[in-house]
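Student: Protein sequence lines, in the order shown, are assigned to chains A and B. So the first sequence is numbered by my numbering: it starts at 1 and just counts up by one. So the second sequence is numbered by my numbering: it starts at 1 and just counts up by one.
No wet-lab data here; the hints were simulated from the structure. Don't be surprised by glycine CBs; every beta carbon is placed ideally from N, CA and C. Treat the hints with care, since some could be wrong.
Unchecked claim - What follows is a list of derived Cβ distance ranges for each label pair:
#, chain 1, residue 1, chain 2, residue 2, range
1, B, P36, A, H394, 42 to 50 Å
2, A, D338, B, V7, 43 to 51 Å
3, A, P15, B, P36, 40 to 48 Å
4, B, P36, A, T207, 25 to 33 Å
Claimed, not checked - Below are the DSSO-like pairs computed for lysine-lysine, each with C-alpha atoms no more than 30 Å apart in a straight line:
#, chain 1, residue 1, chain 2, residue 2
5, B, K167, A, K264
6, B, K163, B, K249
7, A, K231, A, K178
8, A, K295, B, K167
9, A, K154, A, K203
10, A, K370, A, K390
11, B, K163, A, K203
12, A, K264, B, K163
13, B, K249, A, K274
14, A, K126, A, K89
15, A, K178, B, K249
16, A, K178, B, K162
17, A, K272, B, K162
18, A, K316, B, K167
19, A, K274, B, K163
20, A, K212, A, K225
21, B, K163, A, K316
22, A, K178, B, K163
23, A, K212, B, K249
24, A, K126, A, K316
25, A, K264, B, K249
26, A, K350, A, K334
27, A, K126, A, K334
28, A, K274, A, K264
29, A, K212, B, K167
30, A, K71, A, K334
31, A, K212, B, K163
Each chain, letter by letter, is given below.
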Amino acid sequence: MNQIVSIGTSHHVAPVEFREKLAFSEEQLIESLHHLRESHKVDEAVILSTCNRVEVYGVANSQRTAESPIKILLDFLSDYHRISVDTLKKWSYRHHNLDTIQHLFRVTSSLDSMVVGESQILGQVKEAYDFSRSAGGAGAILNRLFAKAFSVGKRIRSETTIATGAVSISYAAVELAKKIFNTLEDKTVAIIGAGEMSELTAKHLVTNGVSKVIVANRTYERAVKIAEKFKGIPIAYEENLNFLIDADIVISSTDAPYYLIERKPLAEIMRKRKHRYMFLIDIAVPRDIEPDVSKINHAFLYNIDDLEAVVASNLKERQQEAVRAEQIVSEEAKRFHDQLQILEVNPTIKALHQQFQQIAETELQACVDKTELSGTQEAAVASMTQAIVKKLLHHPVENLRHAVNDGNADHGQYVHALQELFALDDNDDKEQE
Amino acid sequence: MHFLFLVTVLVYLAAGIFQLLYLTIGERSETPTLRPRIALIAFWGTCLGFALLTLFIVLWWSRQGHFPMKHWTDSTAFFAWAITLIYLIVVRVTQLRAIGSLVIPGAFITILISYSFSRNTSALPENLETYWLVPHITLIFLAYAAFFTAFGFGLLYLMAEKKIRQKTNTIFHNLFPSLGASDELGYRCTILGVILLTIGIIVGALLTQYIKDLTWRWLDSQIFFTFVTWVIYVVQISVRQLWGWRGRKAAYSEIVGFVAVLCTYIGVNLFLDSTHTFR
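Turn these sequences into a full structure, and let the hints guide you.
Tutor: In structure tokens form, the structure reads like this:
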């Protein structure tokens, strides 16, 4: 019977020093996929190699190979990367059939990712699968498995809130801006001071439509330097904060030991800008913006703690949703596993039916030729043979299906026995599947 | 006829409940799958209610033989119709569904009032049987409905602003339109209302020229209070243009304005005497 197995390592079980040893380059991928197929030990293979995980998925027919398929993959990795099997075992996880399916579904649903709900993993798996398929690695079963894994990944993202809500400070700031402004398209963002976080936030705001960037710094040269990154307008400021009149979003991260923006001057600026909304983000410690600023009408102030609280609550929400997502994944994995197994026994059942039917028809014809039956008599005999065939096959087929649904019984043995006892040849059917 | 009205009321009840659910089921974890369905039922329920109500008004009109606008039943049913029409236009133009959660339950209450009076009918005074009455009343009720929608946006603004200032981040919060959107739409509804009301008043003034025995009386309580409402809204628009009174102040004035509308509509009808009373 076909077995789906996988071996892999990820940030959950192994440090980067080990993961990098297992990583595959593109040429190595082609080479190894060929090697795996050529050796005739596995029928299908897909290799997924990203910075956080390296995983090999394989399908092997247990009738053809005496070795356990997991051992085949283990030996292959150990040979290819020259790592001892014991080390490999220590830093990796190995899955078999249902567990493999469930693991892949968890990966595409981003439940196994460092940040639950992140969006990149689905694309990465797709890329790896497309690559393995074009290199001749994936076949009928893995094609089916990966197609299902992508649809489960999409289902999880649309039916749970696992992928909603910003989980980084800079995205949280963008989301808040969208809650305040009708559109970001004609808005202006001002960055005061320098810092990775403020630049990142400004970058996200620009990708979300903000059209104008003002970069203010105490020294003009520094302002110019940062402004180049956004095609922004560099400004050197002393005490005068009048450039804020045009600013809809203000990100402040200077190392000033006092409040740079105080309530009274800002209230005056708000008046000059006709009370259009202003969203102020204070990511400096010590703070740059007087907290009382938030009492000004239409000025919305968030400091670093507020943003972190937003991120924390989003993360918590994602974790709660992850529990529900895990349930969906388990159900989908179980269903897919059952479907696969039914597909495995179907050719045998079909062959059995065909054989019985053929015998019945031949014998019926011989009987009709020998005796002179009237029309109604012939019809009666024909329906009797049909009934006999049906009843003879009823129990074997039912029990075989039961063996499939009952995970403990080895339906592979049944199929094997049936094929041997009745001299069935279902290989042709299998190729078509 | 009566049965049709009952069905309409029930459809509005169901639509109102689903509209409310759309905003309030926010915290449960199964909402991502549930909410789109609720939104769909709420929207199409409202459409169905609107169709039934239109049918009812048309039938009622043809049965009475004149524009049905004498009794409370008539005017409140018409008000509900106008509210729904404005809601459908807003959804069509902006795709923002949240306003329905406030406005459609309001429409249900109006139509319920209408239903509870529906056994009464009364004839229009002969001198008022003119087609000029139709645009006059239609315009003014559409204006009221626009003011009601502006009131709804004002409430949405205040709720969303409170959430942003409290710095709480929930799904519930995510359903609100952005502050800018609520503010802008509230303003547009107000302008629409003022335009409709102004034309409505002019048509009403013209009526006095065409109808015998009907004179323009400044002291007619309805006319007086309508002018007060008109002034409130015009001042609101001017102040916004001149001094940038937007956001919270605009939201408050939209609420005050609608209270004035209610006073004109209900107060005058119940407690004062006027050519305009619906009784």
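Student: Work down the list of hints and note, for each, if the structure agrees.
Tutor: Here is what the structure says about each hint:
no.: 1; hint: B:P36 with A:H394: 42 to 50 Å; verdict: holds (46 Å)
no.: 2; hint: A:D338 with B:V7: 43 to 51 Å; verdict: holds (47 Å)
no.: 3; hint: A:P15 with B:P36: 40 to 48 Å; verdict: holds (43 Å)
no.: 4; hint: B:P36 with A:T207: 25 to 33 Å; verdict: holds (27 Å)
no.: 5; hint: B:K167 with A:K264; verdict: holds (23 Å)
no.: 6; hint: B:K163 with B:K249; verdict: holds (17 Å)
no.: 7; hint: A:K231 with A:K178; verdict: holds (22 Å)
no.: 8; hint: A:K295 with B:K167; verdict: holds (14 Å)
no.: 9; hint: A:K154 with A:K203; verdict: holds (28 Å)
no.: 10; hint: A:K370 with A:K390; verdict: holds (25 Å)
no.: 11; hint: B:K163 with A:K203; verdict: holds (26 Å)
no.: 12; hint: A:K264 with B:K163; verdict: holds (25 Å)
no.: 13; hint: B:K249 with A:K274; verdict: holds (13 Å)
no.: 14; hint: A:K126 with A:K89; verdict: holds (27 Å)
no.: 15; hint: A:K178 with B:K249; verdict: holds (21 Å)
no.: 16; hint: A:K178 with B:K162; verdict: holds (16 Å)
no.: 17; hint: A:K272 with B:K162; verdict: holds (25 Å)
no.: 18; hint: A:K316 with B:K167; verdict: holds (16 Å)
no.: 19; hint: A:K274 with B:K163; verdict: holds (24 Å)
no.: 20; hint: A:K212 with A:K225; verdict: holds (16 Å)
no.: 21; hint: B:K163 with A:K316; verdict: holds (19 Å)
no.: 22; hint: A:K178 with B:K163; verdict: holds (14 Å)
no.: 23; hint: A:K212 with B:K249; verdict: holds (28 Å)
no.: 24; hint: A:K126 with A:K316; verdict: holds (28 Å)
no.: 25; hint: A:K264 with B:K249; verdict: holds (20 Å)
no.: 26; hint: A:K350 with A:K334; verdict: holds (24 Å)
no.: 27; hint: A:K126 with A:K334; verdict: holds (22 Å)
no.: 28; hint: A:K274 with A:K264; verdict: holds (16 Å)
no.: 29; hint: A:K212 with B:K167; verdict: holds (27 Å)
no.: 30; hint: A:K71 with A:K334; verdict: holds (24 Å)
no.: 31; hint: A:K212 with B:K163; verdict: holds (28 Å)
Going through the hint list in order, the structure satisfies each hint without exception.
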